[in-house]
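Peer 1: Chains as they are written, first to last, in this note's numbering: chain A, 1 to 112; chain B, 1 to 115.
Heads up, some of the hints might be wrong.
The calculated EDC-like cross-link candidates involving lysine to aspartate or glutamate, where the alpha carbons are at most 16 Å apart (straight line), are [said to hold, decoys possible]:
| hint | chain 1 | residue 1 | chain 2 | residue 2 |
| --- | --- | --- | --- | --- |
| 1 | B | Lys57 | A | Glu1 |
| 2 | A | Lys3 | B | Glu79 |
| 3 | A | Lys67 | A | Glu26 |
| 4 | B | Lys57 | A | Asp66 |
| 5 | A | Lys56 | A | Asp66 |
The set of hints was computed from the structure by calculation and includes no laboratory data.
Here is what each chain is made of, one letter per residue.
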Amino acid sequence: EDKVVQSPLSLVVHEGDTVTLNCSYEVTNFRSLLWYKQEKKAPTFLFMLTSSGIEKKSGRLSSILDKKELFSILNITATQTGDSAVYLCAVEADEGAQKLVFGQGTRLTINP
Amino acid sequence: EAQVTQNPRYLITVTGKKLTVTCSQNMNHEYMSWYRQDPGLGLRQIYYSMNVEVTDKGDVPEGYKVSRKEKRNFPLILESPSPNQTSLYFCASSFGSRTRLYEQYFGPGTRLTVT
């Protein structure tokens with residue numbers, strides 16, 4: 001059974017801290033890994049990763065994939081209160097047609 | 001404006017009363033999908049569609065039906081809703097190919113309560 005596990009499930013830090021969120025997976029025929037940010041509404045896309053070792057960056061956020069060890073990390077540096085959200089990891093698996101398997105999410109709270 | 005719309009946004013209904021949640025996208029996306037989100041369980045895929053008249057089951061299809069008669073629309077049908085289908089539902093769409101999905105755009109969500 002395809003599985004995506006995120007850790008920690010919840011994290012509380014102070015503004016300015018750096019955080020690392022983890023996502024490990026076991027899926028059939030891995031295609032890509034995606035990170036989303038979900039505030040009080042629909043998830044919004046952050047990154048798509050397909051190749052090992054290539055870091056994707058967007059401002060203070062960055063992510064990298066390790067296809068050998070089957071995990072990805074999402075780093076957020078110099079955190080701000082606006083980074084408070086649930087961060088979702090999803091893996092695209094191909095079992096004849098594409099499907100997405102999501103992890104449970106990490107709830108990140110940034111305190112001022 | 002590129003968007004995915006869902007209707008209704010909120011719905012309270014009773015057990016057994018058939019309902020349809022509509023989803024429409026204006027980005028000419030091939031791929032559309034329905035998810036439900038429950039506390040502690042993350043997003044779980046219900047059904048997805050690679051193109052018109054092509055649908056497939058996700059992880060939790062029981063109790064749901066879908067159809068894809070037009071590229072822009074992907075309605076979710078609950079023939080006989082039960083309380084365990086109380087959840088937050090998201091529709092999403094993206095460009096897709098036989099090799100890879102691309103960035104998914106999510107609708108605003110439909111909060112369904114079945115009593």
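Peer 1: A separate judgement is required for each hint: does it hold in the structure or not?
Peer 2: Checked hints:
1. About 14 Å separates the Cα atoms of Lys57 of chain B and Glu1 of chain A, which keeps this hinted pair within 16 Å; it holds.
2. Under the criterion of a C-alpha separation no larger than 16 Å, the hint pairing Lys3 of chain A with Glu79 of chain B is inconsistent with the structure, at around 29 Å.
3. Straight-line distance between C-alpha atoms of Lys67 of chain A and Glu26 of chain A comes to about 10 Å, which keeps the hinted pair within the 16 Å bound.
4. Straight-line distance between C-alpha atoms of Lys57 of chain B and Asp66 of chain A comes to about 29 Å, which puts the hinted pair past the 16 Å bound.
5. As the CA atoms of Lys56 of chain A and Asp66 of chain A are separated by approximately 13 Å, the hinted pair is consistent with the 16 Å bound.
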